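Visitor: What follows is each chain in one-letter form.
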Amino acid sequence: MSPEARGDHQAARVVAAATARRAARSAALWGLVFGGYVAYAALQFSATYPTAASRDKVAAGLGDNPGLVALFGQGQRLGTVAGFTAWRVMGVLTLLGGVWGILTATRLTRGEEDAGRWELFLAGQTSRQRAAAQAIAGLAAGLVTLWTVTAAITVAAGSVSRVHFPVTGSLFLAVSVTAGATEFLAVGMLAGQLISGRRQANAIAAAVLGACFLIRVVADSASSLRWLRWASPLGWAEQLRPLTSPDALPLLPVTGLVVVLAAASTALAGRRDLGGATITTRDSAAAHARLLGGPTGLAIRLSRPAVTGWCAGLAVTGLVGGLVAKSAANAISGSTAIKKVIGRLGGHTGSATYLGIIFLVAAALVCVAAAGQIAATRDEEAEGHVDHLVARRAGRLHWLAGRVLAGVALIIAASLAAGLAGWAGEAADHTGLSFVQLLKAGVNIAPPALLVLGIGILAYGWWPRFAATAVYGLVAWSFMIELIAAIITNRWLADTSVLHHINPVPAADPDWKSAACLVSLAIVAAVAGGAGFKLRDLASA
Amino acid sequence: MDAVIRIEELTKAFGKNRALSSLSLEVARGEVFGYLGPNGAGKTTTIRLLLGMLRASSGQAQIFGVDCQRHPALAHRRVAFVPGEASLWPSLTGEETLHLLGRVHGHVDAAYRDVLIDRFDLDPAKRVRAYSKGNRQKVLLIAGLMTRADLLVLDEPTSGLDPLMEQAFRTCVAEARERGQTVFLSSHILSEVEALAGRVAILRAGHLVEIGSLAQMRHLSALSIEADFDSAPPDLSRVPGVAAVEVQGNRVRCQVSGSVDPLLRVLAAAGVRKLISREPSLEELFLAYYGQADTPREASGVA
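Taken in sequence, the protein lines are chains X and R.
Going by the working numbering, the first sequence opens with residue 1, and the numbers climb by one from there.
Going by the working numbering, the second sequence opens with residue 1, and the numbers climb by one from there.
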């Protein structure tokens with residue numbers, strides 16, 4: 001080997017080692033979360049329902065609920081610890097793993113590049129293409145760590161006598177719950193090659209994840225749509241059916257996807273400039289100064305892409321939910337258990353129950369949009385953009401008010417988009433719900449997001465460094481609580497979810513009093529945050 | 001009351017770290033004031049306090065008699081600020097950025113803006129993300145200068161500019177001075193300050209170590225002496241006021257502070273053939289403050 005070639009290999013290994021170290025650190029932590037959730041589900045279920053009879057009773061109630069099936073996927077043998085655990089963890093962890101995969105991949109590839117750290121490596125003796133390949137190797141090391149930690153905890157929990165999973169079954173379960181992470185590490189990696197800027201790459205990859213989740217939800221909504229599972233990478237993961245009837249065949253498309261995306265990422269990395277993008281936008285543009293008269297107009301201008309994107313995403317969610325509501329309801333019309341539940345909810349149709357769950361997902365999405373606005377607000381300060389305004393005649397609070405206004409506009413627009421598109425979808429299918437009901441469903445999902453925005457401003461005003469983490473954490477926590485609400489008995493715990501304080505409209509009427517409370521709290525929090533923001537130092541550029 | 005900037009006992013601490021200690025200074029109307037110091041000396045901290053981006057730990061600062069900490073937006077009515085870190089909104093074009101910053105400032109001399117765009121050779125139709133660092137810095141300079149504000153606060157404004165643009169910048173500051181605008185120029189490019197500033201303050205580790213006109217500072221500082229002899233030069237190290245003696249063959253270089261009389265006597269007695277004396281450049285002055293003592297010292301050699 002020539003000295004140059006040896007230098008090449010060393011430089012490349014530096015990228016691989018640095019990526020692997022950081023990916024593994026995060027993966028070890030998330031492995032604890034993954035494994036912990038599996039252990040929690042298995043131990044909790046086996047302890048709460050010790051007899052076969054009690055388990056069957058629970059299984060009958062859960063397996064027939066169209067909303068739960070849509071969220072978690074189709075369960076099998078829910079009356080057993082294995083079946084219940086697999087069903088309970090798969091939907092949640094493949095989705096969560098997808099989020100982790102995207103954030104990790106973009107952070108360690110595009111994020112490092114944006115921060116200028118790759119320049120140091122590439123100024124040495126390695127090519128972009130090889131650096132990208134080494135980064136993939138580093139991410140793979142992170143994935144192995146995630147799987148190892150998850151598998152270790154799963155095997156340990158499985159060895160408890162009342163749970164009793166076979167070791168091979170536990171290992172395959174660990175493969176299955178990390179399948180989402182595997183797929184979306186690759187998706188995040190490719191997104192990072194396509195567009196410049198980590199946040200934009202995250203947005204692209206998140207849109208793909210959202211679409212995959214939606215396709216999976218639709219596929220599980222009615223038996224006639226089951227084939228759609230094969231159209232979604234999250235559906236492939238579901239088809240693995242760990243613990244109940246494990247099937248390794250769907251690992252084929254999973255592996256294929258990862259190989260294709262990794263190869264594409266490496267190829268694209270070699271063809272573009274460092275810091276550049278495969279998809280380039282035009283460098284010059286005619287001036288559109290209409291909105292640029294002050295901080296508020298600027299905030300609206302800067303948020304416009306986010307507003308468009310989220311409105312489109314929420315509209316698609318609402319539309320698809322509306323379109324499949326009737327078939328989802330028909331699928332369960334034979335179930336007496338569900339009829340009882342429907343009766344309790346005030347005699348609404350099955351479609352309304354189904355849409356109630358869909359709008360819960362929509363509410364969570366709008367909360368994510370609100371959290372994104374907080375992160376963007378923080379970025380404006382950290383990048384030093386605010387300096388240009390407050391050094392002139394704009395007051396700090398004037399600027400912050402503009403950002404809040406843009407956030408509120410985004411939340412309301414996205415909520416209404418979900419409601420209106422939901423109506424369009426269900427009207428096309430003659431489901432029988434009125435325009436007003438769906439409009440209310442849309443309006444109903446805004447207050448939790450407004451609260452997230454308010455709490456975010458509070459955190460931003462006093463502890464700007466932690467604001468983004470705090471709001472994203474709050475939203476993730478809330479959605480998690482909603483997903484496991486059926487097995488939560490502690491009311492206080494359930495109340496910590498911002499999503500827990502709205503009714504499942506259109507299956508129930510909106511709780512206006514509770515909505516008013518959420519909005520008032522949001523205003524109080526935002527005002528308190530504004531007070532902190534006025535007093536503190538602005539972060540240095 | 002003719003002080004445009006008045007800073008009194010201004011102190012800023014970040015945790016235990018004192019970034020600025022009891023700074024007091026005044027900048028008079030119409031002067032170009034050079035603010036010097038190495039990285040981390042507290043230059044930017046001073047400016048961010050003046051602009052109300054940081055909260056002072058104690059002391060106060062006024063611009064045109066308005067308290068910067070209590071009424072920042074009011075104090076900034078007649079101020080234009082050019083930061084050295086060229087971070088702008090990447091999705092806006094240069095023209096849009098100038099429009100926005102002009103509107104937020106309130107007043108723009110449109111004709112002068114066009115002159116500046118021409119002079120700095122900027123293509124305003126490009127998006128900020130497509131600009132080089134130097135071009136982003138030009139946008140910020142134009143945005144500051146086009147307001148014709150009574151006070152220009154410039155924080156290392158020429159970082160990333162090429163020599164031609166640096167020249168254009170100096171022309172602009174000279175124009176501003178002729179129009180009676182006041183300029184607060186923070187920089188570590190000493191030649192720039194030397195060419196433009198009438199008065200200079202030198203900052204070190206958060207303390208003001210020197211303030212005054214360049215002529216004063218030179219007068220009070222050491223002279224550089226270079227003397228040639230026909231044979232080996234005499235030993236100068238014991239002569240009062242002489243320091244930094246350097247012998248090179250028949251040539252000797254040294255610095256002398258205070259009276260040059262004792263040195264001249266020794267030189268004349270030894271039969272000096274050629275003598276050059278030179279006032280120190282700002283760079284030499286600056287290095288004199290930083291090169292030697294590690295402990296902070298009060299205005300050495302200055303009464």
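Think of the hints as simulated: they come from the structure by calculation, not from any bench.
Predicted model, so just to flag it, every value in this text is computed and none were measured.
A couple of the hints might just be wrong.
Unchecked claim - Example chain R residues on the side facing chain X (calculated, C-beta under 7 Å, incomplete):
1. Glu-85
2. Val-128
3. Ala-130
4. Lys-133
C-beta: ideal position from N, C-alpha, C; glycine also.
Visitor: Hints first: check each against the structure and report whether it holds.
Guide: Evaluated hints:
1. Glu-85: 4 Å, holds
2. Val-128: Since chain X brings no Cβ nearer than about 10 Å to Val-128 (chain R), farther than 7 Å, the hint is violated.
3. Ala-130: This interface hint holds because 4 Å falls under the 7 Å limit.
4. Lys-133: 12 Å, violated
Checked against the numbered hints given earlier, the structure breaks hints 2 and 4 and satisfies all the rest.
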